[in-house]
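Visitor: From just these sequences and the hints, can you work out the full model?
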Amino acid sequence: MTSPETKVRSLDDPSVFVDTPATIYDAIPPYPPRTEREAEFYTLREGEMLINIGPQHPSTHGVLRVVLKIDGERIVDLDPVLGYLHRGVEKICENSDWHMVISHCDPLEYIASMFSEYVPVLAAEKLLDVTVPRRAEYIRVLACELNRISSHALFMGWLALDLGGITPILYGFLERDEIVEMLAALTGQRLLFNYMRIGGVNGDLNHEFMSRLGDWMSHALRHIEDSMTLINSNEIFVGRTRGLGRIDRQTALRMCLSGPPLRATGIPYDVRRAHPYSVYPELEFEIPTREEGDSYARYLLHLDEIKQSIHIIDQVLHRLPDGPVMAKLPRLLRPRPGRAWAAIESPRGQYGVYAMSDGTDQPFRLRIHDPSFFNLQAVGLLTPGHLIADIMAIMASLDPIMGGVDK
Amino acid sequence: MTIVSRPWQRLSPAGRVLLPLAAVAGGLGVVFLGGVSSGILPNLWSWVYEALNDNVPLLRFIVAATAVLLFTVPTAFVIIFLEMKVIALQNLRLGPNRQGPWGVLASTLHGFKVLAKEDFTPTGADVPVFTLAPVVVYLASVMSFLVIPFAPGLFAQDMNLALLYFFAVGGLGVVGLMMAGWSSFNKYSLLGALRAAAQIISYEIPLTLSVVGVILLAGTLSLNTIVHQQAGTFLDWYVFRQPLAFVIFFIAATAEGNRTPFDLTEADSEIVAGFATEYSGMRFGFFFFAEYVNVFILSALTVTLFLGGWNAPLDLTPVWQALGAHPGAIDLSGLGVGLLIAVLVVPPILTVLLALPFWMLFTRLRFWQALVIGFLCFNALAGAAVLIWAAFSFDAVMGLLWFLGKTYVFVVIFVWMRATLPRVRIDQLMGFAWKWLLPASLANLFVTALAILIIAQVRG
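Chains as they are written, first to last, in the numbering used here: chain P, 1 to 407; chain S, 1 to 460.
Each hint should be verified, as a subset may be incorrect.
Selected chain P positions facing chain S (in silico; Cβ < 8 Å) [unchecked claim]:
{"no.": "1", "residue": "L161"}
{"no.": "2", "residue": "L174"}
{"no.": "3", "residue": "M217"}
{"no.": "4", "residue": "S218"}
{"no.": "5", "residue": "G239"}
{"no.": "6", "residue": "L387"}
{"no.": "7", "residue": "I388"}
{"no.": "8", "residue": "A389"}
Don't read these hints as lab results, they were simulated from the structure. Quick reminder that beta carbons are idealized off the backbone N, C-alpha and C, glycines included.
Guide: Structural data, given as structure tokens:
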């Protein structure tokens, strides 16, 4: 080991000293390996090279960085580098009161933020022992299922976009835009709704929302099925996704997968049925599963889930009771000291919050369990041995949202 | 310099254009008068005239090559605009609609934009190779243009080895792509270049083999002759005698032009922009242009080989004759070299002449605005003249129209595929070339050769 005087500052990170001045020819990372795994990964054998996918790359769905070790086109190994979107949401939540938690958690799953604001609300309600009015529960289900469809429609376009098809994403965005517009009429926001409240929702259904919803429901299923025929049985699309990134049930359970990646392996685990919350026990819907566990199965599963969601919305609209949309609650919330675990089925899987309260108006600890993080881990298991083009297909089919992964 | 610069600054912009022009004209007039009076100029003129007349084939080639080179730019603009608009319509978007009517100027403005952008060379790049690569790629595309017969008598060069030349020059493009990928000092570029090399070399084999059937039928490699042999009705087109070859050729041409679903070399969701990742400004513009010129060329070659080139689907000559038009009504070739000089001299003079009344009548118009109007008027007049001329000699113009019409159908098909299909994977791509296209093209070749032999035997 040489003394620090003979070392020079790394070009990549000035706080790190390296033996030789870093040049553009140096391998990444510019610092000496810190762990055995890093040493093994960054040692290149004959014919191998490292290539950096991300943090700014067209198909990493946010700011994920993956260092690939490739041999020609074939991926030998990969090293994910997380944290580019880390904002410390859990810690911020500890310093804000229970109402503020809603808007802090909102952008975590920014494609379907209705879910990421629902969970802390659910946890707080468990700690407060509030009974939410039934109309509010139905409105929550309605908003969540709409958001699930908008997220799934976008997913299917994304998968096609990562495989090189440029049209399906715009068809997906058409549906998403209609839903987002109607949710904007309901909540006032297009992306980060900030609609859920502890004890209910922010506002009752209004006329614009209902008329937009009615318009959309009249053609929703037909439009989605129509636009997805573009890729459903496309020979190239099927050839690239069928049998790709196959997970078996044991591995899926071991990797803590949830949501569509888990159900695509044939395990009908859906929090809406397994650990029912809200008014889901009263609603009639199926949990679609597939047996194959590959990218194509995950893709088809999303289409099935859209159909089930439309079915749920139909029932909600028929059963929607009258009444208030907010429970009577004091302005300053001081939940009992204790712990609560709340989980819901987000479009990406089981979205949970483990909240600890110490009796003050702020959560003592708020641990967010984001399904994207667990689903994303499967990339490391699935991609080695495949080609570079396949990592995009696998990653897109697992559908991670980096806002939730990095928190 | 004050004595010059002060009056110069007092001049209006129009004067700053006109005064130097007047000075140049005066100088030229003095030279002309001196030359004529001393007898040098008539001698020089006759020498130039004779030299041009002696070397008409060379002159024709230079003019044709220049015209082809200039033709590529509007072609690329048109195809880029077409692609933006057609894909937008398929995506249920509006597409470009602000730059000019229907956004027709969008691609032209894109061209100006890339011209104005910074021309960036990355650290560690191999500068000479990096600079040359776009030129090689673009020239390889443009050189392929030389042998394409646009209409009867309208071609840059009639080679008897035109097809061979086409594939040889088209193969040069991959050298440029490799140069770009290697010299960029970027791993994405390198991957893209290696993909390009593997893909284009693999697909060149079925591409060439599928054409061999046509060559056997036509008995020549000259594209002009091949087109002439497809004259008659549309049933004489080679697509009906070589349907399999047509399909193979079109698929392989898609791969050759790096178009979706075979656009792996610039797969934006995998390797960012492939070989063009590190390019910016007009260097990137050259790659961009070359791609669209390639689309046009491959469509044109498909049309030439399989769809009768500039032949009309049905013989329409009786219809034209009934309308009073017949080929060769006006023969401009009698003007000889004078035609070339007229083409050089007439446009600027007419532009200025047409601009003058606008300038004088409308005081608010700046001189350059009047010039633009004059230029547009001249173009309208020229277009009308060309149309009138075309009405009397349908042969070339109708041929060109048929050719361009058929070619743009294929261009739209290329665009259509881009909007519809996802991208294949590299192993599927190579497997498809070697396992399916190559055996199919060999089988096609075998069957064609056998059929020709049998027919020759039967006919004795």
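Visitor: Run every hint past the structure and note whether it holds.
Guide: Going down the list of hints, with the structure as the test:
no. : hint : verdict
1   : L161 : 7 Å, holds
2   : L174 : 7 Å, holds
3   : M217 : 20 Å, violated
4   : S218 : 19 Å, violated
5   : G239 : 6 Å, holds
6   : L387 : 6 Å, holds
7   : I388 : 6 Å, holds
8   : A389 : 5 Å, holds
Checked against the numbered hints above, the structure violates hints 3 and 4; every other hint is satisfied.
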